Amino acid sequence: MAGGCILLLAVAVASVRGEADKVFNIGAVLSMGDKISDFMQAIVDVNEDMNTLPPRVKLEGVSLPMDRNPIRTAQNVCNHLISAQVYAVIISHPTAGELSPAAVSYTCGFYNIPVIGISSRDSSLSDKNLHTSFMRTIPPYSNQADVWIEILKFLNYKCVTFIHSSDNDGRSTLGRFQNLADHPGIKVEDIIEYETGISEISQKLEEAQGRYCRVFILYASTEDAEIIFREVEALNMTTPGYVWIVSEQALLAPNKPDGVIGLKLVNATDEEAHIKDSVMVIARGFRELYFNSSYNIQPAPSDCSKHDPVWETGQKFIGFLKEVTLQQGKTGRVAFDDKGDRIDSDYDIINIVNGKPTTVGEYVYSQMKTEMTLSLNVQEIQWPGNELKKPRGYIVPTHLKVVTVAEKPFTWIREVEDRSLCTEDEIPCPRMNKTSGEQDVYCCRGYCMDLLNALAAELNFTYSLYQVEDGLYGSFDYVNGSEKKMWTGMVGDLVYERADMVVAPLTINPERSQAIEFSKPFKYQGITILEKKHPKSSTLASFLQPFQKTLWILVMVSVHVVALALYLLDRFSPFGRYKLPSSDATEEDALNLSSAIWFAWGVLLNSGIGEGTPRSFSARVLGMVWAGFAMIVVASYTANLAAFLVLDRPETSLTGINDARLRNPMDNFKYATVKGSSVDMYFRRQVELSNMYRTMEGKNYDSAEEAIAAVKSDGLSAFIWDSSRLEYEAAQDCNLVTAGEQFGRSGYGIGLQKHSLWADQVTLALLGMHESGYMEELDNRWILQGSETCEKNEKFPATLGLKNMAGVFILVGAGIVGGVGLIIIEIIYKKHQTRKQRRLELARHAADKWRGAVEVRSVFIA
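In mature numbering (1 follows the signal peptide of the UniProt record, and there is no 0), the protein residues as written are -18 to -1, 1 to 844.
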């Protein structure tokens, strides 16, 4: 049995060995002959590695030397490589000439043949519109920007001046740097672009020297760097305080100054290592292509003179090659981005000390963190001017241009003829007149002016103050009908560097925070609604307000029900009428219904009752209970009457932002805010308030002053604005009131240019002012001043007038008129009764007389 298994295995092995190996040709265009030998050896090594290529697959090398003439190079590729049906080509850089690698890339790219560069670092080769199949195991020069960003982050530098050549590599490097600088908040303070080979750049360097940023990044060739370093030395820009970070090429300049920091790509010139990595990448790509292809691998193009169909295998092969990763390549970790450029390359960080390069750090791939990491020994770095301490990287300007806007009580303005007329507590704050083109002179004072003086004293800076020309806070909108959006107002002055600082009630919101830098809030506030007070109207029935209608009806019914009960109790009681035994007086009558009603009303109205009281014990018990009931009712009425009449106060008509009149606007109720303000942005940003935003959009005012005046004159029903300003207005004018609770809470902050070096210092100063109570002093002085008057008026009881008690007087008048009417009715009724009584008396007298006559006649007859 064992012998049979061995026989079968031998047959199987023999069968496998009998199959022919599938051979794929790989081309190489290399600069030197020894590199061609390295390429051939790399092919042999890969073929011997059983774990790299698919089974029964072998690679075979086809090579030719690189020609400095790009046309001849392209012809050689067609005649010697494409004709041999190569599946990929490895190219190096010629010893002289720049265009030969591009010629190989163009030619092979036309047929979708992958090309892997091992030494060409031009950024133009990353353009996939021109070099569709080009890849490389060496990074382009522009990738140095990645390392520069990490160095700046490590050293905590927030601003740079970027100097670069105007060629494609220089601009590509700048573009990559700017894209990477946005996330860590590194500001490119200035960009100096120069023409390659320029001999004069001093003027641009002098302008950069005048800025506060002292960190310079230089991308330049070795020749250009030599010129720039000469100019830099002449301008004393390598003295203490400066920081210079330069490119690999610039680091090779013979006159590089001490203290410069540069980069050196590890294995940059080791073409043998790059050849081996390239061959390994191709082998791994073949393995993926072989096992993942759902169709047969098509033969490579073989003739440049024929226009064969698109080689789909080549397109698929390029995709697999870009996905290959060598964790332990000869040049380190080898990986590619979507353009085919090498990523995760290792760099040494070089510092020039006494004219010699010294390694002070490295930028390498960490297998543990699975990302590139920077290690930098700052203590070993020698900075320009032989300084050992890390420079700050900037100089702080001591004179700032400060912009503000007129907004009570934060900034009060007063127009004057000359700035010398401003008082001690006022600051000159001119404003550009759009009509005349000249500056009008104003004096400013208020909350923000006191805050500005305190900040200047705390942080030791001087300033020149002016008012924003358009009078706006700042929004990102279309200006003057243009198709391009721009920042307006004070925010625009910061964005376009017309001002260094904004000291005004500028609300912090997301839109502005993307464009400028904000300090921590110096005042927290929200949004509220201002409207005119609506006094309660006093009607003729004001005295009836303490009780509801139903209660009044129940009281009226109770009076008559109790009166009826008293009458019945007194009528049917055996003791309802009585006579004292020792008295000669006649027996008293029981309480009649009229007297019972009189008694019930008398008790309720607390009037003296001299007669017509209940006689029986049961009726008197009910009378006492009724008296207690009347006392409670009268006391409750008196207490509520004081609340409704004596303490009657105006009330707001709105309940807040969710009031139905705001959510469902009506023609007779108009509300608005200030156009382009933070409140306007808030309503635009909130989806649930979109209906309100559309309603206000065409009605918004140019300034808060105009809107508040419209509220006072009843031209505007409600004004939606910052709570601080509206609370101040309500404190100054007792006819105004804020309605509902605050919403959209935010804060006022000091505005600064993006990445301003003053941001942290201003924030710390504001926090100190909050802790010391200075901000509370400003609130009491400028915002809460005048609120005591309205509060006092609110607490003081109102004096009643005729309009409050008119109903009572009318009731008395109605009682008098009713009494006169009743007496007239009584007189008429009495006269009618008298005439009737007289007729009855006459009839009775006539009857008596007739009866007497009849009796007399009867006597005589008898």
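Treat the hints loosely; a few may be bogus.
Here are the computed lysine-lysine pairs in the DSS-like style, where the Cα-Cα straight-line distance is at most 30 Å [unchecked claim]: (1) Lys321 x Lys110; (2) Lys140 x Lys515; (3) Lys351 x Lys304; (4) Lys736 x Lys140; (5) Lys515 x Lys694; (6) Lys383 x Lys321; (7) Lys681 x Lys390; (8) Lys502 x Lys140; (9) Lys312 x Lys110; (10) Lys818 x Lys831; (11) Lys304 x Lys338; (12) Lys736 x Lys135; (13) Lys169 x Lys304; (14) Lys736 x Lys657; (15) Lys505 x Lys657; (16) Lys372 x Lys390; (17) Lys383 x Lys186; (18) Lys812 x Lys831; (19) Lys657 x Lys681; (20) Lys140 x Lys312; (21) Lys169 x Lys515; (22) Lys383 x Lys505; (23) Lys169 x Lys812; (24) Lys736 x Lys466; (25) Lys502 x Lys515; (26) Lys515 x Lys390; (27) Lys371 x Lys390; (28) Lys169 x Lys186.
Pair by pair, the computed Cβ-Cβ distance ranges are [stated by the list, open to error]: (29) Glu723 x His752: 37 to 47 Å; (30) Glu687 x Gly167: 16 to 26 Å; (31) Glu670 x Gln280: 36 to 46 Å.
Simulated from the structure, these hints should not be mistaken for laboratory data. From a predicted model like this one, the values you see are computed outputs, not experimental measurements. No residue lacks a Cβ here, since even glycine has one placed at the ideal position from N, Cα and C.
Does the beta carbon distance between Glu670 and Gln280 stay inside 36 to 46 Å, or does it fall outside?
Given a distance of about 60 Å, which is not inside 36 to 46 Å, the answer is violated.
Quickly compare the C-alpha distance for Lys502 and Lys140 to 30 Å and report which way the hint goes.
holds (19 Å)
Assess, step by step, whether the Cα of Lys372 is no farther than 30 Å from the Cα of Lys390, and give holds or violated.
Violated: Lys372 and Lys390 sit about 46 Å apart, past 30 Å.
Look at the Cβ atoms of Glu687 and Gly167 and judge whether their distance stays inside 16 to 26 Å.
violated (37 Å)
Please work out if Lys515 and Lys694 have their alpha carbons no farther apart than 30 Å.
Between Lys515 and Lys694 the Cα gap is close to 10 Å, so the pair holds against 30 Å.
Against the 30 Å threshold, does the CA-CA distance of Lys736 and Lys466 hold or violate the hint?
Within the cut-off at roughly 21 Å; holds.
Take a quick look at whether Lys371 and Lys390 sit within 30 Å of each other, Cα to Cα.
Answer violated: Lys371 to Lys390 is near 48 Å, above 30 Å.
Under the criterion that the straight-line Cα-Cα distance not exceed 30 Å, is the pair Lys812, Lys831 satisfied?
holds (28 Å)
30 Å Cα cutoff - pair Lys736, Lys657
Cα-Cα ~24 Å, so holds.
Given hint Lys515 paired with Lys502 - CA-CA distance at most 30 Å:
Judged against 30 Å, a Cα distance of about 35 Å means the pair is violated.
Hint consistency between Lys304 and Lys338 [alpha-carbon to alpha-carbon, up to 30 Å]
violated (39 Å)
Sort out whether Lys515 lies within 30 Å of Lys140, counting only the CA atoms.
The given pair, whose Cα atoms are some 52 Å apart, is violated under the 30 Å limit.
Violation of the numbered hints given earlier is confined to hints 2, 6, 11, 13, 16, 20, 21, 23, 25, 27, 29, 30 and 31; the remaining hints are satisfied by the structure.
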